Amino acid sequence: AQSVTQPDIHITVSEGASLELRCNYSYGATPYLFWYVQSPGQGLQLLLKYFSGDTLVQGIKGFEAEFKRSQSSFNLRKPSVHWSDAAEYFCAVGAGNTDKLIFGTGTRLQVFP
Amino acid sequence: NAGVTQTPKFRILKIGQSMTLQCTQDMNHNYMYWYRQDPGMGLKLIYYSVGAGITDKGEVPNGYNVSRSTTEDFPLRLELAAPSQTSVYFCASTGSQDQPQHFGDGTRLSIL
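Protein chains in written order, with our numbering: chain A, 1 to 113; chain B, 1 to 112.
Since the hints were made in silico from the structure, they are not lab data.
Please read all numbers here as calculations on a predicted model, not as lab measurements.
C-beta: ideal position from N, C-alpha, C; glycine also.
Be a bit skeptical, because a hint or two may be false.
[Unchecked claim] If you only want the chain B side, here are some residues facing chain A, beta carbon under 10 Å, derived:
no.	residue
1	Val4
2	Lys14
3	Tyr35
4	Leu43
5	Leu45
6	Glu59
7	Gly63
8	Tyr64
9	Arg68
10	Phe90
11	Gln99
12	Gln101
13	His102
14	Gly104
15	Asp105
16	Gly106
[As the list claims (entries may be wrong)] Derived contacts from chain B toward chain A, CB cut-off under 8 Å, selection only:
no.	residue
17	Gly40
18	Met41
19	Gly42
20	Tyr48
21	Gln97
22	Asp98
23	Pro100
[Stated by the list, open to error] For lysine-lysine, the following PhoX-like pairs were computed, each having C-alpha atoms within a straight-line distance of at most 20 Å:
no.	chain 1	residue 1	chain 2	residue 2
24	A	Lys100	B	Lys44
25	A	Lys100	A	Lys49
26	B	Lys44	B	Lys9
27	A	Lys49	A	Lys61
28	A	Lys68	A	Lys49
29	A	Lys100	B	Lys57
Construct the entire structure; sequences and hints are all you get.
Right, here's the structure in full:
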């Protein structure tokens, strides 16, 4: 069965520091992979997606993610975090041909000034 | 640009009451979804639809019903509200497999 694991429930970083959020997936075929961000009281906003091609994908707000098939990972990175990046981040994998998404349990990012 | 609109934003129900959570999208998307989000659990798929007149169960469908009479609307019905249904509910839509899902702002539902 498909699954997504985000091993870090909560991460705290200082503003200006680099960030890496981990995501591992289990899926039999080449997956569609997504990172979403959720600010408090808001819905989910797409940061970036991977379908095929270049394994390093660029997203909005200066985020990037790298698909590593050998490690079944799709980690999210940002070189310098801003206070406004504090939010919850969800990794998701597309399953099957009905566009169902399987979400990880999320990583809450806290940013200290 | 409206996107995906959910109403109401907040609601408190008594056990055993019924209600319908509304979801409408103006992007002419065929695929629509209902999720619930509980703390520390991520999003769980309740029901989804691949087009008007077609619905199917997701991971956690018990206690819910849906209908899809039009492309735009995908209401979620709770017939007999239970405390376990206290959650934040999100509706989402997408046009195709190679496009991301667009989410509404959610409905926060408390059942007391």
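(message) Tell me the numbers of any earlier hints that the structure contravenes, in ascending order.
(response) 2, 7, 8 and 9
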